[in-house]
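Q: Those protein sequences? They're chains A and B, same order as listed. Numbering-wise (my numbering), the first sequence opens with residue -13 and increments by one. Numbering-wise (my numbering), the second sequence opens with residue 7 and increments by one.
Any given hint might turn out to be false.
Stated by the list, open to error - EDC-like cross-link-like pairs, simulated, lysine to aspartate or glutamate; straight-line CA separation at most 16 Å: (1) Lys51(A) x Asp3(A); (2) Lys314(B) x Glu545(B); (3) Lys497(B) x Glu23(A); (4) Lys93(B) x Glu241(B); (5) Lys390(B) x Asp468(B); (6) Lys223(B) x Glu241(B); (7) Lys(-3)(A) x Glu23(A); (8) Lys51(A) x Glu533(B); (9) Lys51(A) x Glu556(B); (10) Lys497(B) x Asp70(A); (11) Lys534(B) x Asp548(B); (12) Lys562(B) x Glu73(A); (13) Lys534(B) x Asp569(B); (14) Lys51(A) x Glu557(B); (15) Lys562(B) x Asp548(B); (16) Lys521(B) x Glu458(B).
As the list claims (entries may be wrong) - Listed next, with one range per pair, are the computed distances between beta-carbon atoms: (17) Thr(-10)(A) x Gln522(B): 35 to 43 Å; (18) Phe221(B) x Gly57(A): 51 to 59 Å; (19) Gly4(A) x Phe220(B): 35 to 43 Å; (20) Ala391(B) x Ser79(A): 54 to 62 Å; (21) Ile333(B) x Gln13(A): 37 to 45 Å; (22) Lys54(A) x Arg237(B): 56 to 64 Å; (23) Gln232(B) x Lys54(A): 38 to 46 Å; (24) Val84(A) x Lys534(B): 42 to 50 Å; (25) His92(B) x Gly4(A): 40 to 48 Å; (26) Phe221(B) x Asp26(A): 55 to 63 Å; (27) Ser79(A) x Ala589(B): 21 to 29 Å.
Simulated from the structure, these hints should not be mistaken for laboratory data. These figures come from a predicted structure and were not determined experimentally. Glycine residues also receive a C-beta, built at the ideal position from the N, C-alpha and C atoms.
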Amino acid sequence: MNITKQNEADKLVLFLDGKLDTVTAPQLDAALKEAFEECDQVEVNLENLAYVSSAGLRVLHSTHKRVKGKGTLVISHANGTVLDVFESTGFSSYLNIV
Amino acid sequence: MSYQRNGALLGSKFREYLFPTIISNMSILLASFVDGIIVSKLINDDAFSAVNLAEPVVLFMQALFFLFGIGGAICISIAKGQRDEHKANAVFTLSFIAAIVVSVIVTVVGIVLIDPITHLLCNNNTLFDYVRNYALFNIYGAVFMIVVPYLVFIVRTDGMPKLSANILLVSNVVNLLMDLLYMGVFKMDTSGAALATVTGYVVGFGMELYYLLFFKKRTLKFIKLQKTDLRYLGELCTGGIASVVNTILLFVKAILLNKIVLGATGADGMAVFSVCNFTVTFISMFVTGGSDTMTPIVGLLYGERDYKGIDIVLRKTFVFVGASCAIIIAAILLFPQLLLQLFSVTSPARVAMGIPAVRIFSLSLIGMGVCYVMMNYLQATKQKAISVTITFLRGLVITVPLAYLLAGMFGLNGVSLSFVLSEALTAAISFLICFIVYRVKKDKYSGILLHERQTENSALFDASLRPEAEQAAGIADSIIAFCGENGVQGKTADYAGVLAEEIVEHIRYYNQNRKQPQIDLICRVTEKEVILSVRDNGEAFDAATVDEDEEFTNLKVIHSLADSTEYTRALGLNNMLIKIGRAPC
């Protein structure tokens, strides 16, 4: 999975490309930790994410809980199966998905 | 990354079952062997003869516990493979009740008819009381003599091969110790020998009570039977029919062959033939050990329709049985005199007669191994008719007439040759029958091993992997690609990939800090759904209960994404079935 970082106005956007699975989830975890050190508003753009498993969900969920009150985590452009997984697992009710 | 299916998981299961199964067989055979020596030493030779004459009573009970034990074990394994827990528990309950009821009937009828039974077994006045007492005390303990070994088969099928072996081991050790007490100290006659056997089994029953009442790992449960459950009774009673017939025919064959050998070669020939018989008894520990190891595993795989798995287990069984037979044959061919000496066959005339006879006889062991494995394999895959046919051919139909014919022509060598030809012919005929059945019912079976063709159009992907993160992620890619190759794309294929990753990850997390299990994963794409069948030899887990406190656990996600999940624990293996309906294109 490739993670590209981009500063946009008052937020930092992480573009994910590829698969978010048990192997790549730690990579996202590290990227999110680093991002929140730089900025308290982080958006994760999933437009090019083809696959997500529970390992990815747990990273996003734990980050959301960790920054709650101190910052904002937004998930954007989730589509296809990734969005289906979010909905089927009830993940969409936990996070800001736009 | 390659995930080619290998024999690691099933091989380790085979090895786990093999040693305890051989120990079980060994303990029974050695106990009966040493039992005989103790009876002849502590009482006299007449008592030893009486014990042999009363053997049909013991064999009758053996046939009954085979009927319920092997039949029950096969039905339960297949039901577990089909993830039909209700049927597995119903068969367990039915077989337990049947074993108890039948053994009580045997006890009552046996006590009432003890004199006619004894007359049937023995027409010698000197031996009459010895035979009667031995038979009667065995009949007194029929409940234990039947129920304990019956339950041993069930315990083994329930994933506890070591416990089942220990039950038999302890029972037989107690039997031998009690022999010394009853006949040596209390000066009992043959009734002491029978009482010692029963006492041993009473102790074994105590261990089984512990399994039934307190054993947490027990997966089989007693259930309240419905009327509809009685339909399993037929399946139960015919499941192990080949083993029952084999037990009866072994006895009939022994009587007939003894008469043929005695008539054709006299006492000298009989002494050598006894050595041949012992060789069969010895090799049986390994041949039946290998075959009995295979039976519940093949039954489970047959229920799951995992034919590649069946091939793996069957191959391992043939390798083990073949190697055991080859070692024994080589030893006999190289050192026949040593074998004869072991049984005090030392006179020059007998040695001269014995050396070629045991050498020829040893060659029959390979055929015997093949026949035994095929009989058990066909029994476990519900090909009862062919299995019983093999039993009849080698047990009576070919061996006895051939022995009669060849004994007249070549003496004892002819009898040995009859075994070689009979076993080889039976093995050839069994494969021929399988081939004919396959050719006639080509639409139903694929290949000579009579694997049933898939009834629905389905594509199959199977893999073996270790519980590692890289493998979990990699298998998801393979599953998605396989689905794509078979016309399943988009959400269904992706879900199948995610579910494969989740279950492998669940197994990995669940066995952290424990011995890492092996995993076999099978994916089937049918017209209506994608089915993931995952088997591992790790710790048992409760697949139905998800941890409400933790978010997005592997099991939670599996339950969220799958249309249905089924779990069963069989033979110490976790078996998870996950189904996803194919989304309309």
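Q: Against the structure shown, which of the earlier numbered hints fail to hold, in ascending order?
A: Structure breaks hints 1, 2, 3, 5, 6, 8, 11, 16, 19, 21, 23 and 24.
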